[in-house]
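Visitor: Here is what each chain is made of, one letter per residue.
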Amino acid sequence: MSSNNGRRRRRDMMVPEAEFRSYYGRPVIKEPAWTLEIPWYFFAGGLAGAAAPLAVAARMSGNERLARSAVTVAAAGIAVGTPLLVSDLGRPERFHHMLRMFKPTSPMSMGSWVLAAMGPAAVGAAVSDRLGILPGLGRAAEVVSGLLGPVLCTYTGVLVANTAVPVWHEAGRELPLVFAGSALASAGAASTVLTPAADAGPARRLAVVGALVELGAAATMERRLGELAEPYHQGPAGRYARLARGCTVLGAATMAVAGTRRRWAAMAGSGLLLAGSALERLAVYKAGFQSARDPKYVVKPQRARIEAANR
Amino acid sequence: MTQTDLPTPTFGGGYDGEARPRMGFFTDTSICIGCKACEVACKEWNLVPERGPLELSGTSYDNTMALGANTWRHVAFIEQARPVQVPDVDLAAAAAAAAGAGTTAPQAREGMRWLMSSDVCKHCTSAACLEVCPTGALFRTEFGTVVVQQDICNGCGYCVPACPFGVIERREEDGRVFKCTLCYDRLKDGMEPACAHACPTKSIQFGELAELRERAEGRVQALHEAGFGDARLYLEDEANGIGGAGAFFLLLDEPEVYGLPPDPVSTTRDLPRLWKAAAVAAGVVVTAVAAAVAGGRR
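Residue numbers (our numbering), protein chains in the order written: chain A, 14 to 324; chain B, 1476 to 1773.
These are calculated hints, taken from the structure and not from any lab test. Predicted model, so just to flag it, every value in this text is computed and none were measured. Note that beta-carbon positions come from the ideal geometry of N, C-alpha and C, so glycine has one too. Treat the hints loosely; a few may be bogus.
What the hints assert, rightly or not - A short list of chain B residues far from chain A (calculated; beta carbon distances all over 12 Å): (1) Ala-1570; (2) Thr-1578; (3) Glu-1692.
As the list claims (entries may be wrong) - With beta-carbon atoms standing in for the labels, derived distance ranges: (4) Glu-1647(B) <-> Val-262(A): 34 to 42 Å; (5) Ala-1766(B) <-> Ala-210(A): 14 to 22 Å; (6) Pro-249(A) <-> Arg-1495(B): 46 to 54 Å; (7) Met-114(A) <-> Ile-1506(B): 39 to 47 Å; (8) Ala-1769(B) <-> Ala-153(A): 19 to 27 Å; (9) Glu-1493(B) <-> Ser-100(A): 38 to 46 Å; (10) Gln-1625(B) <-> Ala-129(A): 20 to 28 Å; (11) Glu-1647(B) <-> Pro-96(A): 14 to 22 Å; (12) Gly-239(A) <-> Asn-1538(B): 32 to 40 Å.
As the list claims (entries may be wrong) - With the Cβ distance kept under 7 Å, some of the chain A side facing chain B (calculated, not the full set): (13) Arg-39; (14) Val-41; (15) Trp-47; (16) Ser-74; (17) Arg-104; (18) Met-111; (19) Arg-113; (20) Thr-118; (21) Met-121; (22) Ser-122; (23) Leu-197; (24) Gly-214; (25) Arg-218; (26) Val-312; (27) Ile-319.
Please construct the entire structure, taking both the sequences and the accompanying hints into account.
Guide: Shown next as structure tokens:
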């Protein structure tokens, strides 16, 4: 079995590995064809998706300075994320085939439509705000972007869960929330950086709340995955997960304790939270590959299901 | 996660008068001799490129290892240290004959069992690849099979991890995904798929799915009566997580021994629950933003 190289200290805490059979230890399912553009798109899209509603809420509360920062973050996230997504395609010149159909059974189709609607809205809103042109249309675009944002930063959890990859599929209940928390933390952090301290209170609070959601949802996910959570403790996914959680805890603590009084603390906290958010996506991404590669994650739960049904 | 039961898709939907009976494969692995004629015929007919330089896998005679973009039929070879069942051989008589001839006698507890099986795309009823495909490149043909339209596929790769059998794959130098078409072109001309045509033992049988299922029932019965209690059908009916397969199998051991998932489930069966989880998460985003802003400017 390929996963026997886990750290010794952890191993004696684990349930003994039951016997399972396979074809020469070969994978049953394929690893995703995706490359690193995908987790970075999840990060950028999440940043945009959570910043967009923050812009709308800040504007409604009269905090124009924060609204400007958030709308900029939303536009930047979309502007960076969309090309990443296109470049991951095997045939990037056919990206527009994504809009041939509207297909609710394909989270990627739904995401493409959300992105197609939100992209122009978020970028338009930011351009209008910065240049002061067509303010009415700009505000309308900001609202459209703010309404679609929460979908953009959570559908990606459905996207990965809607696969045969065990560590993703079985975490379907928690993954959208992990991504939502990660998105809130990053959007709050990025908006904190771009906003003068006197106006950045909501962004700092959002960053801390997002971090707590991210940490809580990730912990719940691992607990419910049980033995299947193993990839989160091994190999690259394990390293990313530990780093992500370290950065997020430290970032949230710095922001919460000193962020209001010390500008440097707010900046350092933001940096750590942004890093933690990106690393969390990388951890989830890598864990999926690790669980697809080892047939035990596919065979053992299915075998257990059959045995439970026969009992 | 617990599953939601989705209605089984109606076959022939959208084809009106042009709908045809659902066609498929019954692969009877008990008579596969591992000749790989199916692999070769498939490659030749469908102009499937080579996988790369020929390599020896070191695992019996298998040098293709898995289904993929460039392997649409894959013959698995499993060597098991257990005696071959030879019900008609009288071991005592054979030992006497061997002693007379000065040769080695066959032993009851010696030898190995060699399982060979030609794997292929299952053309699932609930085909996850087709359901997750955002472009509509994957479609259901009038024969009930699942095929990629190569002029539509943009290589997003979503079908690759969605398939519970690891069948479909992106061809890296091309950028698009490829898999078995159940020889859609040949079917349209009333011919059987190349693999079934080339199979010398009729281990690969092609036909109307309903008829194949009956035939398979008969075959497994006959094997049980002949003392091959290991024989079992895999994916032969609709009582599985993929709602039935267009290609099903007679196996002599557990599916996972052949590299097949023992209880495959189409991931989209859970999709309603997944969207609900996303709706809750989106609600958390809205609430968190509202609360953060309501807390004041500083």
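Visitor: Decide, hint by hint, whether the structure agrees.
Guide: Going down the list of hints, with the structure as the test:
| no. | hint | result |
| --- | --- | --- |
| 1 | Ala-1570 | 34 Å, holds |
| 2 | Thr-1578 | 34 Å, holds |
| 3 | Glu-1692 | 21 Å, holds |
| 4 | Glu-1647(B) <-> Val-262(A): 34 to 42 Å | 39 Å, holds |
| 5 | Ala-1766(B) <-> Ala-210(A): 14 to 22 Å | 20 Å, holds |
| 6 | Pro-249(A) <-> Arg-1495(B): 46 to 54 Å | 48 Å, holds |
| 7 | Met-114(A) <-> Ile-1506(B): 39 to 47 Å | 43 Å, holds |
| 8 | Ala-1769(B) <-> Ala-153(A): 19 to 27 Å | 24 Å, holds |
| 9 | Glu-1493(B) <-> Ser-100(A): 38 to 46 Å | 40 Å, holds |
| 10 | Gln-1625(B) <-> Ala-129(A): 20 to 28 Å | 24 Å, holds |
| 11 | Glu-1647(B) <-> Pro-96(A): 14 to 22 Å | 21 Å, holds |
| 12 | Gly-239(A) <-> Asn-1538(B): 32 to 40 Å | 37 Å, holds |
| 13 | Arg-39 | 6 Å, holds |
| 14 | Val-41 | 5 Å, holds |
| 15 | Trp-47 | 6 Å, holds |
| 16 | Ser-74 | 5 Å, holds |
| 17 | Arg-104 | 5 Å, holds |
| 18 | Met-111 | 5 Å, holds |
| 19 | Arg-113 | 5 Å, holds |
| 20 | Thr-118 | 4 Å, holds |
| 21 | Met-121 | 4 Å, holds |
| 22 | Ser-122 | 4 Å, holds |
| 23 | Leu-197 | 5 Å, holds |
| 24 | Gly-214 | 4 Å, holds |
| 25 | Arg-218 | 4 Å, holds |
| 26 | Val-312 | 5 Å, holds |
| 27 | Ile-319 | 5 Å, holds |
In this structure, none of the earlier numbered hints is contradicted; all agree with it.
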